[in-house]
Every structure is written in structure tokens, then in C-alpha cells.
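J.: Quick note, the sequences are listed as chains B and V, same order.
Just so you know, we're using UniProt numbering here: the first sequence kicks off at 1 and counts up by one.
Just so you know, we're using UniProt numbering here: the second sequence kicks off at 1 and counts up by one.
It should be emphasised that the hints constitute simulated quantities derived from the structure, not laboratory data.
The structure displayed is predicted, hence computed values, not measured ones.
Just to be clear, a hint being listed does not mean it is correct.
The list makes no distinction among identical chains, and a pair is therefore deemed to hold if it is satisfied within one copy or across any two copies.
[What the hints assert, rightly or not] Restricting the straight-line Cα-Cα distance to at most 25 angstroms, the calculated cross-link-like pairs of lysine to any residue (SDA-like) are:
id	residue 1	residue 2
1	K279	D252
2	K2	P61
3	K2	Q282
4	K279	G90
5	K2	M391
6	K418	P78
7	K279	R253
8	K418	F63
9	K279	V248
10	K2	E185
11	K372	V84
12	K279	R246
13	K279	S424
14	K351	R337
15	K2	V228
16	K351	G54
Protein chains: 2
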Amino acid sequence: MKASDWAGFFADEASLDREAYLFLDYYLECSGDPELAAAHFCSEQSTAQWRRVGSDEDLRPRFGARVVDLQILDGPRPEFSYGVGSGSDGPVMACRLRIAHPHGNFGPRLPNLLSAICGEGTFFSPGAPIVKLLDIEFPETYLACFQGPQFGVAGLRERLQVHDRPIFFGVIKPNIGLPPEAFAELGYESWLGGLDIAKDDEMLTDTDWCPLDRRAELLGEARRRAEVATGVPKIYLANITDEVDRLVELHDRAVARGANALLINAMPTGLSAVRMLRKHAQVPLMAHFPFIAPFARLERFGVHTRVFTKLQRLAGYDVIIMPGFGPRMHMTDDEVRACATACLEPMGPIKPSLPVPGGSDWAGTLRPLYEKLGTVDFGFVPGRGVFGHPMGPRAGAASIRQAWEAIVAGETLEEWAKRHPELSAAIAAFGRPAHDQAASPQSSDPASEANAAGGDS
Amino acid sequence: MKASDWAGFFADEASLDREAYLFLDYYLECSGDPELAAAHFCSEQSTAQWRRVGSDEDLRPRFGARVVDLQILDGPRPEFSYGVGSGSDGPVMACRLRIAHPHGNFGPRLPNLLSAICGEGTFFSPGAPIVKLLDIEFPETYLACFQGPQFGVAGLRERLQVHDRPIFFGVIKPNIGLPPEAFAELGYESWLGGLDIAKDDEMLTDTDWCPLDRRAELLGEARRRAEVATGVPKIYLANITDEVDRLVELHDRAVARGANALLINAMPTGLSAVRMLRKHAQVPLMAHFPFIAPFARLERFGVHTRVFTKLQRLAGYDVIIMPGFGPRMHMTDDEVRACATACLEPMGPIKPSLPVPGGSDWAGTLRPLYEKLGTVDFGFVPGRGVFGHPMGPRAGAASIRQAWEAIVAGETLEEWAKRHPELSAAIAAFGRPAHDQAASPQSSDPASEANAAGGDS
Numbered sequence: 001m002k003a004s005d006w007a008g009f010f011a012d013e014a015s016l017d018r019e020a021y022l023f024l025d026y027y028l029e030c031s032g033d034p035e036l037a038a039a040h041f042c043s044e045q046s047t048a049q050w051r052r053v054g055s056d057e058d059l060r061p062r063f064g065a066r067v068v069d070l071q072i073l074d075g076p077r078p079e080f081s082y083g084v085g086s087g088s089d090g091p092v093m094a095c096r097l098r099i100a101h102p103h104g105n106f107g108p109r110l111p112n113l114l115s116a117i118c119g120e121g122t123f124f125s126p127g128a129p130i131v132k133l134l135d136i137e138f139p140e141t142y143l144a145c146f147q148g149p150q151f152g153v154a155g156l157r158e159r160l161q162v163h164d165r166p167i168f169f170g171v172i173k174p175n176i177g178l179p180p181e182a183f184a185e186l187g188y189e190s191w192l193g194g195l196d197i198a199k200d201d202e203m204l205t206d207t208d209w210c211p212l213d214r215r216a217e218l219l220g221e222a223r224r225r226a227e228v229a230t231g232v233p234k235i236y237l238a239n240i241t242d243e244v245d246r247l248v249e250l251h252d253r254a255v256a257r258g259a260n261a262l263l264i265n266a267m268p269t270g271l272s273a274v275r276m277l278r279k280h281a282q283v284p285l286m287a288h289f290p291f292i293a294p295f296a297r298l299e300r301f302g303v304h305t306r307v308f309t310k311l312q313r314l315a316g317y318d319v320i321i322m323p324g325f326g327p328r329m330h331m332t333d334d335e336v337r338a339c340a341t342a343c344l345e346p347m348g349p350i351k352p353s354l355p356v357p358g359g360s361d362w363a364g365t366l367r368p369l370y371e372k373l374g375t376v377d378f379g380f381v382p383g384r385g386v387f388g389h390p391m392g393p394r395a396g397a398a399s400i401r402q403a404w405e406a407i408v409a410g411e412t413l414e415e416w417a418k419r420h421p422e423l424s425a426a427i428a429a430f431g432r433p434a435h436d437q438a439a440s441p442q443s444s445d446p447a448s449e450a451n452a453a454g455g456d457s
Numbered sequence: 001m002k003a004s005d006w007a008g009f010f011a012d013e014a015s016l017d018r019e020a021y022l023f024l025d026y027y028l029e030c031s032g033d034p035e036l037a038a039a040h041f042c043s044e045q046s047t048a049q050w051r052r053v054g055s056d057e058d059l060r061p062r063f064g065a066r067v068v069d070l071q072i073l074d075g076p077r078p079e080f081s082y083g084v085g086s087g088s089d090g091p092v093m094a095c096r097l098r099i100a101h102p103h104g105n106f107g108p109r110l111p112n113l114l115s116a117i118c119g120e121g122t123f124f125s126p127g128a129p130i131v132k133l134l135d136i137e138f139p140e141t142y143l144a145c146f147q148g149p150q151f152g153v154a155g156l157r158e159r160l161q162v163h164d165r166p167i168f169f170g171v172i173k174p175n176i177g178l179p180p181e182a183f184a185e186l187g188y189e190s191w192l193g194g195l196d197i198a199k200d201d202e203m204l205t206d207t208d209w210c211p212l213d214r215r216a217e218l219l220g221e222a223r224r225r226a227e228v229a230t231g232v233p234k235i236y237l238a239n240i241t242d243e244v245d246r247l248v249e250l251h252d253r254a255v256a257r258g259a260n261a262l263l264i265n266a267m268p269t270g271l272s273a274v275r276m277l278r279k280h281a282q283v284p285l286m287a288h289f290p291f292i293a294p295f296a297r298l299e300r301f302g303v304h305t306r307v308f309t310k311l312q313r314l315a316g317y318d319v320i321i322m323p324g325f326g327p328r329m330h331m332t333d334d335e336v337r338a339c340a341t342a343c344l345e346p347m348g349p350i351k352p353s354l355p356v357p358g359g360s361d362w363a364g365t366l367r368p369l370y371e372k373l374g375t376v377d378f379g380f381v382p383g384r385g386v387f388g389h390p391m392g393p394r395a396g397a398a399s400i401r402q403a404w405e406a407i408v409a410g411e412t413l414e415e416w417a418k419r420h421p422e423l424s425a426a427i428a429a430f431g432r433p434a435h436d437q438a439a440s441p442q443s444s445d446p447a448s449e450a451n452a453a454g455g456d457s
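Extracted from the complex, chain B is given alone in its bound form:
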């Protein structure tokens, strides 16, 4: 690219029609001139060759992505982070790049959106091998093309008749290997103990040893019994993650038999597949997070989890289960909060999704999670913290509710535990009360939960 061509890929943000562009923030490490790298970056994302040979046309004004801000963060450095890139074009500069991408190039389509914002143009731009997509902003007219969540946080609360506290989930364990009958019995016990939502593990699917039809039938029946016994609504969250062309059929089969929410592994199944299912869905759709960490974990490469949270909300998930606090999940506190915010913040006509930050949770991790989020609009999703509880899942669920009662009462977990044996047993099994969430999974080795669950009766 000639220096005289660069200007075609730069613009003053204030001069642009905001409704015509997506705004994208990237971290970029480049060698050579950062302005040239930024111009290439926009060219590669949009109209890489902007005129035919022999023509004096210029496709950039309408179709070109534009640099609207370029900040040098630091440099020059001797080499790229993470050992990628030769750096042979000169010293390495770390930049923060904000670009405006004309969405009319591809339209309100998730696969094409992904191809534009984290595709070949983004990751193969000359001289810039280290890239992380940090954030995305959508104009209202683009958002208006999507349905987003059908129920959202308010709709889910209405269904559960729970308005003033977090939603209590539990992952039924053993997650893999139980027949439907045993699995349903565990779910029933956990609802009686106080869970709102008993859920399939993200790895449990429609198999010969635990067919979805039979599981949904038995869990549906157990759920209705639990609703009668407790007098409050309950949800069985069935995992229908499967091939794309089975999703609608599995939705119908699971819902007809008694599942009243559905889990789909967002990235392995694909965001677009869930947008398709959303058009048909009669129950809340909930996302699980496998296959996001491999492109999101590193600080300076890949795609930020916040972006994927926004895209899952746009695709129509009412609930987004995500990696939570604590060293086990390898997320900074700020990153977890950014994802929760991305679920709840205003997003044009798109309803909020309920954030469910998870990972090695038990009664002792509820208070720090609540305090770090600063809202009751979240879900709490223990697995072994309920189903590995030494007194069984009903007691495990009770220990979670007791931990919330202690918070409401303004008492410490230890004080409350003196009058609540389920909570006391949870503390004994899973660790000391964790006032510092960050310390919790360390002191409470996840392995000890398996011990408590798998060992003594």
C-alpha cells in the first residue's frame, strides 16, 4: 500500500454515520509503522483491493473499514508476545486500535459477522500477528435485526416467581454414566432442598445409556412432584446440545416430556444454530461455555470473553453460564464482571441475559460472588457443592439456601452454620468459609469435593 492510500482507511469517528458501522476495539502488536499496520488491518477486513485494474474507482468510502483511533500502548519492544512473528520489519509496537466496520458489507448475520471481526482479515493482516478483539459496539438498527432473549432476566424470574435473590442452579452429578431413573431422583432431591433449576451437565446428551426422551420424562415428572411438595415453580434444564439439524426436534421432544428450559453448548453448536432455535423456542435457552477458553484465555491474543457474551445474548440466550471468579477459572475479576455487565447492560431492544459465573462453587463461594457482582441478578451453579455434599443433594441444596439466608441476615457463614447442620457439613467437606473468593478454590481443592462425594457415605 502506498502511503497516499492509507488515508482512505482513516476517519474521524464524529464524521461517520454511526448507524452504518460496528465499532471494534482491538489490541494489536505490529512491526513497522503502526499507521500502515492499522491501514492494512482495515483493508484486509473489508475491501482488500479497492479498484479493478485499469479503473479509477474507489470502493473505500462505502465499503472500507476505518481506523478511528490508534493509541501506542508501548514499544518499541524487541519481539512479539508469545513467540509469534518474526519482527523482521522493525521494532514491535503494542497498540490499541479502534475501527469502524461498515456492517452493510455483510449484514445482520452471525457467521458473516464472526468472519468479519475475527476472521482472516483480522488474524492475517501484514505485520500484525498478535491481535485480540477486545470489544464490539452495535448500532441500534443492527441490533433491531435480532430477536435476542425471549424471556430475559425478568421473564425467567417471572417463571420461577423469584424476584429478590440470585437464581440457584445445580449440575446433577455424577454427570456422566447414570441411568435416567437415578438421575431424576438426584434432581428431585435437589429441588426439595431448595434449588430453582436442576440441570444436565454440558457433556450429557442423548445417549443409549441415558436417552433424552426418558430423562426429560422422568425429570419432568420429578419436577412437577417437587413443585407440589414445595409450592414453588422449578425448572429442569435439559441439555440438547447435538447436531444442528436435530435441535428443533430435540426441543420439541424434551419440552413435550417435561423439560422447561434447554441447555446448548454455545460455541461447539454454533451461535447461528441457536439463533435458529430461538425462533422456535417455547422455553428459556441457556448457554454453556465450552470451546471459548482456547481463544479467550490469553491476555493479548484471541477474542475477549466479553465479545462472546454479547454475541450469545444477541443470538437469543436467556441465560449465559460463563467461567467465574477464582484461580481455577483463569479469569481476572474484571473480566468476569465485564461479562456479567455485557449480559445486563442496555443493548437497544435486546433483553438482558442472566449471567451465571461458575466454577467449583459451594455454599462458601456465594457471598464473595454476590459481593463481587454487586447485584442479585445472577445465577449460582454448584455441581459437587450440591451433589457431592456428604449428606446428599437435598442437604447440599439446603446449604446453598442457608448461605444466602446468612447474607440476608448479615451473619457470618460460621455463625449461621451453628444452627444449620447442612451448611456446617458443607463447610467441613468443602473448605473454610471463603470471605476471599480468590483464596477459596485453593484452600478448597476441587479434588476434596470429589473425595467428599465419592468417598465416605
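Starting from the structure of chain B, add chain V where the hints point.
T.: What follows is chain V alone, placed relative to chain B:
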């Protein structure tokens, strides 16, 4: 996990029923005892809690993933690679881990397969924050559940009547912004010059300024004219990347109008969506590679491109476009070869896919690509190397065919160029003949191609 529990997640590979397991190779950095980390890794991938509280059942023999090999590569190191993980449980050891994962846990379903092999269990296993999935082996019975490519390499060669050389593709440029009429004219010229396949860019979709219907109609008509003019079959490869629930409809509309192969961006659209389309497809399906680099670029984290190549072949792609040789694409030569091998090697009943390693190609990069692959079973896919050629796309395509003629004749590119003006002009525009592919994109700055294309007539 108690030390006595570890053994349940280890096995002698020779003692296992090979048809019941996927075999997975991982790179792993862990703190603490590598054997404990490996046992946790298998537990998290499969039956994380293998008995109910109060029961003496053991779900591991049938449902547990098993460590079949664990090699310490190096260590102890003071910290994890890439600044992830606290390392507080002790020194960091780098390992190569081979595990057997019982596929009966989830069955022959791509979303569930992805969730199992690179999901939460893989990337959130205690003490092992740095993981890369390096390879996967499928048993015959698992492969037999998939259709794989419908045409494969042999079927594609039959359609094109090309049996003894690489297949010549070209990405029509300008990629974004041209109306269908101008776009079709470029395609026509490139076929006359000698391309086998003129293709849409991976970012070009069904938009108001270039609707797929009109594009397929005009390109189809141009293709038929080119077939008459040249006497040989040609392919127009239309990009139908779009929302999942439009794929079948777009297939029908594009094929009815004259597209005779279809491009889908594999990861943004989802592997499962293509498996769905494969059941319906009447023409070859071709994959493009956006959204793989963020998983795959780093040496010690994420998922190896070889794994994605195998999964794309399994999903049914006849052609797999992938990042090729040279520093622009940030792939080692071995990695590109591994992906090409993954396309072509025996895979039970699954046909081979044609590998198309791409990136800044022009006539001068054909010989090194051929020499590095050591086979004619590949596709060559220039963009600006054809459509930015200073004499226009017909000459650009001719320069590619001339480069192949030089190889067949055993002549150097420079010698051959003396009698072939199109090749001579390509050398002048895009760089000196590249006998060393690695040096080519450096000497031939990608920007200079845009210059040549966008500047002089």
C-alpha cells in the same frame, strides 16, 4: 482426588477396545504432580464425580477417560508459558499426554465431540491452565457414522477433467463492493486465462449491493460461456456463508442459477451446520478458514490446525482452504504439511479432501508450494496474484498456468518468462521468482500487489 483414585483414570492402551475410544494427544503444562494433573484431566473430561454419595458404584471403567501415555517434556520451570496460571501448587512441568476418551459418552455428534475434546474439562482442569489439543485419532466404527466428502479429490478432478496437476483457484477481487455484472466479467476473464475455479471471497455474502441470486445467475452464465470458449469444465464457487437456517435454501438458489460449488466459512458457521448441508448438497462443498487462527496460532495453547482439518473433512468438505506457507500466514512448514496430510491420508471410509494452502500467492509461489507438499493433489488460490495482475485477470490467470508449465518443463521461472509476457509482468509486479517460499512474501510485500492492482492501468 485421593491418590488411590488416580489409578481409575489410567490404562494400558493395548488392553483397551480400540473401537470404543477416541485417542487424543495433548500438550499440557501443569503445576504439582503431573500424574495427578493427568488423572484430573481425564476425570474433568468424562465422569467428574464417579459415584453418588452413599453408593459404592464406580462409573469409571465404562465412562472414564484414561491416561494411556504421559511423557515429561521438560521442567521444572518457574512459571507457565504465556503468563497464565499462578503456579502456586509447585514447579511447572511440560508434558505430552495421550488419553483414550470413550466416545459412547456422547456419540458421533460434532458439537458434543468438540465439547468433549476441547471444552470445559480440557481447559479448566485443576493445575493445568496451558493446554493444546495436538491430534485426534478416530476408530473405524466412529468414522463410519459420518458421510465425509461427497466428491473428494477424485470426484473434483473428474468434474474438472484435470488429473495431473494442481487445481487452480482464484479469489475474484475487488472482493467487496462490486456489483454482480462487474464481478462476473472478472470471473469470465480469469476462466479464459486458465483458472479452473473462480471463487467469491470469504467475506462476500448475499447483500443488497451484490445479491447471491443475481451473482450466481451471471457467474453461472459466464462460466458456461467460458466452458464453451475453452472446451473444458469450469467451476464458479459461490460463498453461501450465512445463518444456519438459510444454508439449504441458499444452496438450492445458487446451484439452480449456475454455481457449481459452494464455499462456507467452516468455524463461523459451525461444523455441524455443514454436516447438515452435506446431506442435501448436489455440488462440492469448500471450507474457508476464518476464526481458526485465534484457537490455533500459538505453539503451546489452544487447538492444533491439524485437528480442525480432520474435523472439516469429517463434516463433509470436499476442499479445505487453509493458511499456507510463508511468514504472512504464521504457520510452520511442518504445520501446513500436517494439515495437507490430514486431508489426504487414509481415514477409514472417509474420502480425501483437497488441501488448498493459501496466502499472498502469485505465479512465483507455485513452485515452492508444490515442492514443499510433494504432490499435485492440492489447490492454489491467488487473489491479487490473478486479479491484481497489471495486465488484468486473464493475464493473471495465464501467469499461473505459465508458472506450472515452467515446472513441468523443468525450466526456471525467469527463463520461461522470457517467452511469456504475462508471467514476466507478474514477476515485475509481485516480486522476483521465489525459489524459497519463506522469502517470497517478505520480498514481495503484500502491499505492492495492491499497488499494482489499484494504481497503474
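J.: Evaluate each hint against the coordinates.
T.: Status of each hint after checking the structure:
Taking the closest pair of Cα atoms, K279 and D252 come within 25 angstroms of each other both inside a single copy (13 angstroms) and across two copies (22 angstroms). In this assembly of identical chains, the alpha carbons of K2 and P61 lie at most 25 angstroms apart only when taken from the same copy (17 angstroms versus 64 angstroms across copies). For a Cα distance limit of 25 angstroms, the shortest separation of K2 from Q282 qualifies neither inside one copy, at 55 angstroms, nor across copies, at 44 angstroms. In this assembly of identical chains, K279 and G90 lie within 25 angstroms of each other by CA distance neither inside one copy nor across copies; the values are 51 angstroms within and 50 angstroms between.
Taking the shortest alpha-carbon separations for K2 and M391, only the inter-copy value of 20 angstroms comes in at or below 25 angstroms, while the best intra-copy value is 72 angstroms. With identical chains, the CA atoms of K418 and P78 are never at most 25 angstroms apart, being 59 angstroms at best within one copy and 43 angstroms at best between copies. Taking CA atoms no more than 25 angstroms apart as the test, K279 paired with R253 passes in both settings, with 16 angstroms inside one copy and 23 angstroms between copies. In the homo-oligomer, the alpha carbons of K418 and F63 never lie at most 25 angstroms apart, since the shortest distance is 67 angstroms inside one protomer and 39 angstroms across protomers.
For the homomeric pair K279 and V248, the shortest alpha-carbon distances inside one copy (10 angstroms) and between copies (17 angstroms) are both at most 25 angstroms. Proximity of K2 to E185 under the C-alpha cut-off of 25 angstroms is found in neither arrangement, the shortest distances being 70 angstroms within a copy and 27 angstroms between copies. In this assembly of identical chains, the alpha carbons of K372 and V84 lie at most 25 angstroms apart only when taken from different copies (22 angstroms versus 35 angstroms within one copy). For the identical chains of this complex, K279 and R246 are neighbours both inside a copy (15 angstroms) and across copies (13 angstroms), given an alpha-carbon limit of 25 angstroms.
In this assembly of identical chains, K279 and S424 lie within 25 angstroms of each other by CA distance neither inside one copy nor across copies; the values are 46 angstroms within and 56 angstroms between. Proximity of K351 and R337 under a CA criterion of 25 angstroms is satisfied intra-copy only: 18 angstroms inside one chain copy versus 47 angstroms between copies. Taking identical chains as interchangeable, the C-alpha atoms of K2 and V228 are never at most 25 angstroms apart, the minima being 74 angstroms within one chain and 40 angstroms between chains. Taking the shortest Cα distances, K351 and G54 never come within 25 angstroms of each other, neither inside one copy (50 angstroms) nor across copies (43 angstroms).
Checked against the numbered hints above, the structure violates hints 3, 4, 6, 8, 10, 13, 15 and 16; every other hint is satisfied.
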